[in-house]
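Going down the list, the sequences are from chains H and A.
Anchor point for the first sequence: position 177 equals 733 in this note's numbering, and the numbering is continuous, going up by one each time.
Anchor point for the second sequence: position 90 equals 138 in this note's numbering, and the numbering is continuous, going up by one each time.
Watch out, some of these pointers could steer you wrong.
Think about it this way: if two alpha-carbon atoms lie no more than 25 angstroms apart in a straight line, the pair counts; the simulated DSS-like pairs of lysine-lysine are [as the list claims (entries may be wrong)]:
id, chain 1, residue 1, chain 2, residue 2
1, A, LYS92, H, LYS578
2, H, LYS735, A, LYS80
3, H, LYS750, H, LYS689
4, H, LYS807, A, LYS80
5, H, LYS699, A, LYS80
6, H, LYS750, A, LYS80
From chain H, some residues computed to sit far from chain A (all C-beta separations above 10 angstroms) [as the list claims (entries may be wrong)]:
id, residue
7, GLU681
8, PRO693
9, GLU760
Calculated from the structure, these hints are not laboratory results.
Even glycine gets a Cβ: it sits at the ideal position worked out from N, Cα and C.
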Amino acid sequence: MSDAKRRPPHDTIRPELHDLDKSAFLEEVHSFEFWFQAVEGYLAETTYGHDPEMAEDPLSDEDRERLIGVLCNYCAGESAALETAAGLVSLAPNRMTKVFLSTQVADEGRHLEVFLHRLGELGVENPESEVAKRASPSMLAFKDKLAELVAGRDWASALFAQNVALESLEFVVFGRHAKTADRVTAQILERVVKDERRHMGFGENELGRYLRDTPDSRSRIHDLRVELDHLVDATLADTVRHLGLPADDQKELGRMYRESIERLGLLG
Amino acid sequence: MSETQKRTATDPEPPRARFELEDTGFNEVPKKYRKFYRRWSGEKDELAPNEVLCPVCKVVIRSSRELREGDRVYCMPCMSRLVVGRGQGGGLEATVRY
């Protein structure tokens with residue numbers, strides 16, 4: 557039960573958030589001002605995504621190697637997201653979505669930077685070359701597919717691949733990893749997950765409206781989902797292996813990943 | 049007039065309980081909106097009558113009045129517009145409206 561207290565019966569109803577007009581709500585949450593005040597809430601007083609005074613947990617050589625491997629994959633994913641979000645700005649259908657995507661570009665740039673910085677903190681001398689060596693083939697193939705969709709100027713397909721598939725995958729994986737990670741990595745991941753909420757929510761809602769208004773496009777997006785499934789499954793399997801998680805976790809993460817796809821009616 | 053309409057006319061819904069919302073430490077939206085959200089602590093987290101879980105991002109959405117079926121709520125952390133309904137277990141559940 558929450559800590560909400562009942563008001564006295566004589567109290568009057570005050571206007572509240574949920575009374576907002578739909579268009580006013582959408583205008584607000586897509587704005588740069590909303591984004592700026594939101595990220596200020598959880599990034600102020602952090603350095604590279606974590607409390608600079610936070611002491612490092614001791615890591616065994618094996619755990620450190622595993623963490624480096626998984627962070628390299630995260631960097632490849634964030635690099636793909638950064639380039640795709642920037643490309644989506646020119647494809648977005650209106651000012652509101654363009655402004656939101658500009659905030660996502662900033663988020664993705666931050667994610668790439670904090671993960672690369674974390675690799676440096678873990679003793680990796682040249683993080684970018686380490687990412688190039690260790691990123692999984694499935695993640696690199698996913699990145700190529702995203703670039704192809706943006707180059708083809710297919711707004712709905714690129715939006716699905718980036719803001720539904722990739723962002724949902726990152727949301728569930730980062731959230732799961734944060735539960736077992738060392739404290740510094742956990743702090744970084746928890747703040748990245750807060751950004752991912754906006755990105756995947758934007759993707760699901762924007763695509764949901766698009767599919768409602770252009771039902772003929774549904775089969776095309778469904779086919780893309782099928783095409784991407786094996787890349788998502790392979791990326792998820794790589795991550796679970798790097799993290800040393802039990803096989804059941806892969807099933808559960810896969811189920812969580814598919815929730816938004818199911819709500820959009822793109823499963824099956 | 050249907051049975052439902054007759055009941056509504058003669059037996060109006062009781063007034064909604066009101067709730068004073070306090071800041072719960074949720075920091076993913078601008079300060080003025082923070083009291084309308086709180087973190088969800090998993091399946092055992094019991095929701096109050098003025099709360100419903102966002103199915104998209106798993107944040108608890110809060111209102112200053114008791115929620116009922118058909119109400120509209122907004123999840124700012126994931127930008128979703130939702131409608132409150134009744135789940136199979138009898139509790140309130142939110143569904144996304146695109």
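Here is what the structure says about each hint:
1. A:LYS92 with H:LYS578: violated (32 angstroms)
2. H:LYS735 with A:LYS80: Violated - the C-alpha atoms of LYS80 of chain A and LYS735 of chain H are around 29 angstroms apart, more than 25 angstroms.
3. H:LYS750 with H:LYS689: violated (29 angstroms)
4. H:LYS807 with A:LYS80: violated (39 angstroms)
5. H:LYS699 with A:LYS80: violated (38 angstroms)
6. H:LYS750 with A:LYS80: Holds, because 18 angstroms separates the two Cα atoms, which is no more than 25 angstroms.
7. GLU681: The claim holds: GLU681 of chain H sits with its nearest Cβ about 35 angstroms from chain A, beyond 10 angstroms.
8. PRO693: At about 30 angstroms from chain A, PRO693 of chain H clears the 10 angstroms cut-off, so the statement holds.
9. GLU760: violated (6 angstroms)
Hints 1, 2, 3, 4, 5, 9 from the earlier list are contradicted by this structure; the remaining hints agree with it.
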